[in-house]
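Okay, here's what each chain looks like letter by letter:
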Amino acid sequence: MSTASSLHHSRKRKNSVMMVLCVVAAGIGLAWLALILGALIYKGLSGLSLAVFTEMTPPPGDAGGLLNAIYGSVVMTVIGVVVGTPIGVLAGTYMAEYGRFSRLTTIVRFINDILLSAPSIIIGLFVYELMVRPMGHFSAIAGAVALAILVIPVVVRTTEDMLNLVPNALREAGTAIGAPRWVVIRSVAYRAALSGIVTGILLSIARISGETAPLLFTALNNQFWSSNLNAPMASLPVTIFQFALSPYEEWQQLAWTGALIITLTVLGLSIFARSLTGRREDR
Amino acid sequence: MTIVSEATPSSDSMRSRDATVRRFALTDTVFRESTRFSAILVLLILGGVAISLFAGSWEALSKFGFSFLTTESWNPVTENFGALSPIYGTIVTSGIAILIAVPIGIGIAVFLTELCPRPLRRPIGIAVELLAGIPSIIYGIWGLFVFAPFLQTTIQPFIINLFHDVPGLSSLFAGPPYGIGLLTSSLILAIMVLPFITSITKDVFDTVPAVLKESAYGIGCTTWEVTRRVVIPYTRVGIMGGVMLGLGRALGETMAVTFVIGNAHRISASLFAPATTISATIANEFTEADGSLYTSSLVALGLILFVITFIILAIARYMLMRIDARTGA
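So the sequences go chain by chain: B and C. My numbering puts the last residue of the first sequence at 283; the count rises by one with no breaks. My numbering puts the last residue of the second sequence at 1329; the count rises by one with no breaks.
Same shape as in the complex, but just chain C (with noise of 0.2 angstroms):
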């Protein structure tokens, strides 16, 4: 009500009413360029990370040059740092962390959009996107915990029996079963990825015209049959970008991998072997590390894995734009 009143002008001369527009012209300008400042910081931390990152790793990139992306060698003793067997570890398990929750996350989009009683869609999609909300520490507890030794004691000693005398899956599959491990670790993953790739999925299905499912049931066409004709192909970028959102995530992810990798700088055939992250090498040794050859190389590690995230988010930030502007959402 104030505003009013201040705004009207009153019986008031003239120069109180200059006075008073000259000081809400002042405040408006100080506000708007608070308001530019703050949104210009957000540009500024990102640029931050990359030349903190990229000065902190100076020392290892311009000692190693190229061939730290080479190297699998990682021995604190001699100073010999390489990313390779981090860089390996890392694509594996969100490789196949992807690859075990998109058809699952798919599929829990299509139950809620298409079969799912009204009343329960909303309970069981929040309940899916609380599983993205457990701190990824818990996964790591429960994974170390009950998890592993879970896989350990029943489905490993199996998997490598089944396939002992097969060639080729037999290396894939190669024992002793520790439990912890690379496919521990992917398992892991694919469950924190899930809630991801699911809300997005269930997203953009809902930006599907009504009338190009009804006409597609129309023609006789069964729920499968619009979903895999007409429903994916439609939402074909949405679904990539969420893949690739997904994706950024799993490569990111810290604490659950670091509880279950094992920790061991070495390239494995065996999906069962202990291996390591990037993320997961730097949360282990970080603090522990003496010499700044060391913590550079740490850090050049972080820088690899930010130049990777950048990449695969952009990618996937581009894909839901596109399919944002085409919705006119």
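Only chain B is shown next, with the shape it has when bound in the complex (with noise of 0.2 angstroms):
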């Protein structure tokens, strides 16, 4: 009898520690999450002024804003997103429309997958060697094909996912009033879907607006403003990067306040983006 009430408490009191350890690793993780915005809120905001959005990135030791930085992160992300997305969303509807048990869409699946957790600085080395290295020179246009490159696997895969859960019964409805296949998926299941592809094109936009590493040497940098594409281009990500590991407090401050920027502007996006779908989640 003794021992038997000694194993249930030895069990009891073990299943008790265990859950309190498992809280404890949730506390960790929600800390960490405070910590993070809580130093980025303390030490940015207090160098956010208008001047950050209207005036240009200062020479060391000067004051003055990030608006070139800002311009060229919007018009690199833009266009992205405008060239990647196209290519996602098509490929996505042949995964789930056109082939959905053909042999190339679970390739293409596979592959997809790989490419959507492969190390960004990779993708920097390969648009350098696929353009910067033939043109002789760093680019926005590079920068902004190395960001569509990011953009076209959150693409894909949210595409398809989203329209592999149309009903197939909305499918068959569009094809018995004698619609064509391309119709049906235009008029029917990209309809249906469109929230889930939105949310995708969303994610996709929050993910590649602050990366850095495949701008590094890509787009470069640029203490001026510029619009042209041809040439190399500043972004808030890149210019973070430099002004922090910078040993002039203007540049560190800057810094500290474009980070504020990009994680409001990156959390904000992302929320909004589960917001639309509801429970769903992105792995």
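Don't read these hints as lab results, they were simulated from the structure. From a predicted model like this one, the values you see are computed outputs, not experimental measurements. We put the CB at the ideal spot given by N, CA and C, even for glycine. Errors might be hidden in some of the hints.
[Unchecked claim] In silico contact screen, one side only, chain C against chain B (beta carbon under 7 angstroms); selected entries:
hint : residue
1    : Phe1031
2    : Arg1032
3    : Ser1052
4    : Ile1137
5    : Gly1168
6    : Leu1172
7    : Thr1254
8    : Ser1279
9    : Val1299
10   : Gly1302
11   : Leu1313
[Claimed, not checked] Going by beta-carbon spacing under 10 angstroms, a handful of chain C positions derived as facing chain B:
hint : residue
12   : Gly1047
13   : Gly1105
14   : Gly1107
15   : Leu1131
16   : Leu1144
17   : Phe1163
18   : Thr1198
19   : Cys1221
20   : Arg1228
21   : Leu1251
22   : Phe1259
23   : Thr1287
24   : Thr1309
Combine the two chains into a complex, taking the hints into account.
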């Protein structure tokens, strides 16, 4: 009787210890998020002013803003999304509609999942070899292409997943009234999966707007205002990288402020994207 | 609505009907082929990455041969390059990061699936996933200005004093406390891969049939025993897939590590010493590399990283595909 009860107690105790550890683990996860956001707000907010959005990046030791960096980020992100999204949506369409059971789809899905988690610096090297070396100079367009390559796998993945969720009965109904396949896809399947596909695009924007590594040796950086796509262009992440590692206090402050701007943008986008699809989670 | 009227035979002659059908067939072919081309483009991108990295690293690989992998020296002045210390740094930082992140990630997944009150589940799950959304440069700047100084002034001196008499551990934790270095990078990487491991572990935990867990509870098992003896064995393959995915992320992570690793091309026993990783070396030195052999050696580092992560991620996807096939998801 006593051994049975001591076994009972030791099992209970072990259970309590492990469960407390699990709660602690969750606490650690939340604490890191709070610590990082706290530091960002504390250090970044003090430098946030109108000048950040209206003035160019300053020379060392001077006051200034981040206007050219923000502009460069927006330009390259927009081009990246505009180039990458159609390719991603079309590829996802092939996988879910025309070739749902084909061998090609299985292979593309596997390769796409690998591209999805591939180190972004590798993509930077690829675009360097593909565009920068043949052209002979760094350029904003090379940076945009690198970002587009990062957009494609995210959009392919969500488009395929979302089209797979569209009930076949809807497609059959479209076909039954004589609509050709592409009309069914365009007017029925896309329409039913629209919010999911938009979520994928938003998540891809969230991902590339913070990417630094693929821009380092494609778009490089630019101390001045430039809207020439064929020349090096500043971007917010690369500017943060350069300024944070500099010894000048004004630059470090601007780096923190830029970091705060990027984080708020990215987190805002991903929360908005998630709210569009409700319970669905992105792996 | 226009679809219906166009596709339905009307009083029009058969000729216009034929033309419409032909036009539909043509558009459909064009659309189908453009989707197929896009799908093939995904393959071409990966193929292009492999070919361009191989071509770019050819000069370095043909000059140094296999010794590129086994040489520690990295000297831009004498143009003698070896990848051993970046490879060592990459593997050690990612390994330690995984060792830290896996128990915490599984703990959070257990918390979310078994313990957490239902209304809190989704907010906490999202909060942990937001960690995954924070760009890596943010982890870098935070690590350099907040985390590293904290480690340098408090934790590291304490650990160095604690172990300085213990053989083995004293060289593992040898000073001076720089703040930046291998261990700091590992800790930052652990935070970064935590959400990936947590989210996949939670997903595979949700695939365990309720009846299995209920039968275990029914014979009097505690929550921990159910987790340890039923849930984890059932989802082993999926958890391994998540861990591999996290490992793939950690191996290729660039910006956060570049800030806090110290960029020193040498292998030292101490975890507090500055070191370098493959991606940090590329990020730090690529734009400053003069001479084609230097650039080529950096691309060769990229090729090594690509091969390692490709293998790890392929294993991860294979494992996750197996658990997907089993649950029919």
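Cross-check of the supplied hints:
1. Given hint, Phe1031 of chain C at the interface with chain B, holds; its Cβ is 4 angstroms from that chain's nearest Cβ, closer than 7 angstroms.
2. For Arg1032 of chain C, the shortest C-beta to C-beta distance to chain B is roughly 5 angstroms, which falls under 7 angstroms, so the interface hint holds.
3. Taken as an interface hint, Ser1052 of chain C checks out: its beta carbon lies about 4 angstroms from the nearest beta carbon of chain B, inside 7 angstroms.
4. The interface hint given for Ile1137 of chain C is met, as the beta carbon of that residue sits about 5 angstroms from the closest beta carbon of chain B, less than 7 angstroms.
5. Against a cut-off of 7 angstroms between C-beta atoms, the interface hint on Gly1168 of chain C is violated, since the closest Cβ of chain B lies about 27 angstroms away.
6. With a least beta-carbon distance of about 24 angstroms to chain B, the hint placing Leu1172 of chain C at the interface is violated under the 7 angstroms criterion.
7. Proximity of Thr1254 of chain C to chain B holds as hinted, the smallest CB-CB distance being about 4 angstroms (cut-off 7 angstroms).
8. Using the Cβ-Cβ criterion of 7 angstroms, the hint placing Ser1279 of chain C at the interface with chain B is satisfied: the shortest such distance is roughly 5 angstroms.
9. With 7 angstroms as the threshold, the beta carbon of Val1299 of chain C comes within range of chain B, its nearest partner Cβ sitting at about 6 angstroms, so the hint holds.
10. The closest approach between the C-beta of Gly1302 of chain C and any C-beta of chain B is roughly 4 angstroms, which is under the 7 angstroms cut-off, so the hint is satisfied.
11. Taken as an interface hint, Leu1313 of chain C checks out: its beta carbon lies about 5 angstroms from the nearest beta carbon of chain B, inside 7 angstroms.
12. The criterion of a C-beta within 10 angstroms of any C-beta in chain B is met by Gly1047 of chain C, whose closest approach is roughly 9 angstroms, and the hint holds.
13. Evaluation of the Gly1105 of chain C hint against chain B yields a held restraint, the C-beta minimum of about 8 angstroms falling below 10 angstroms.
14. A least Cβ separation of about 3 angstroms between Gly1107 of chain C and chain B falls short of the 10 angstroms threshold, and the interface hint therefore holds.
15. Restraint check, Leu1131 of chain C versus chain B: the minimum CB separation of about 5 angstroms is within 10 angstroms; hint holds.
16. Given hint, Leu1144 of chain C at the interface with chain B, holds; its Cβ is 7 angstroms from that chain's nearest Cβ, closer than 10 angstroms.
17. Taken as an interface hint, Phe1163 of chain C does not check out: its beta carbon lies about 24 angstroms from the nearest beta carbon of chain B, beyond 10 angstroms.
18. For Thr1198 of chain C, the shortest C-beta to C-beta distance to chain B is roughly 7 angstroms, which falls under 10 angstroms, so the interface hint holds.
19. Hint status for Cys1221 of chain C relative to chain B: holds, with the closest Cβ pair at about 9 angstroms, below 10 angstroms.
20. Taken as an interface hint, Arg1228 of chain C checks out: its beta carbon lies about 8 angstroms from the nearest beta carbon of chain B, inside 10 angstroms.
21. Given the 10 angstroms rule on beta carbons, the hint for Leu1251 of chain C holds: about 7 angstroms separates it from the nearest Cβ of chain B.
22. Hint status for Phe1259 of chain C: holds, given a least beta-carbon distance of 7 angstroms to chain B, under 10 angstroms.
23. The interface hint given for Thr1287 of chain C is met, as the beta carbon of that residue sits about 5 angstroms from the closest beta carbon of chain B, less than 10 angstroms.
24. Checking Thr1309 of chain C against chain B: minimum C-beta separation of about 6 angstroms stays under 10 angstroms; hint holds.
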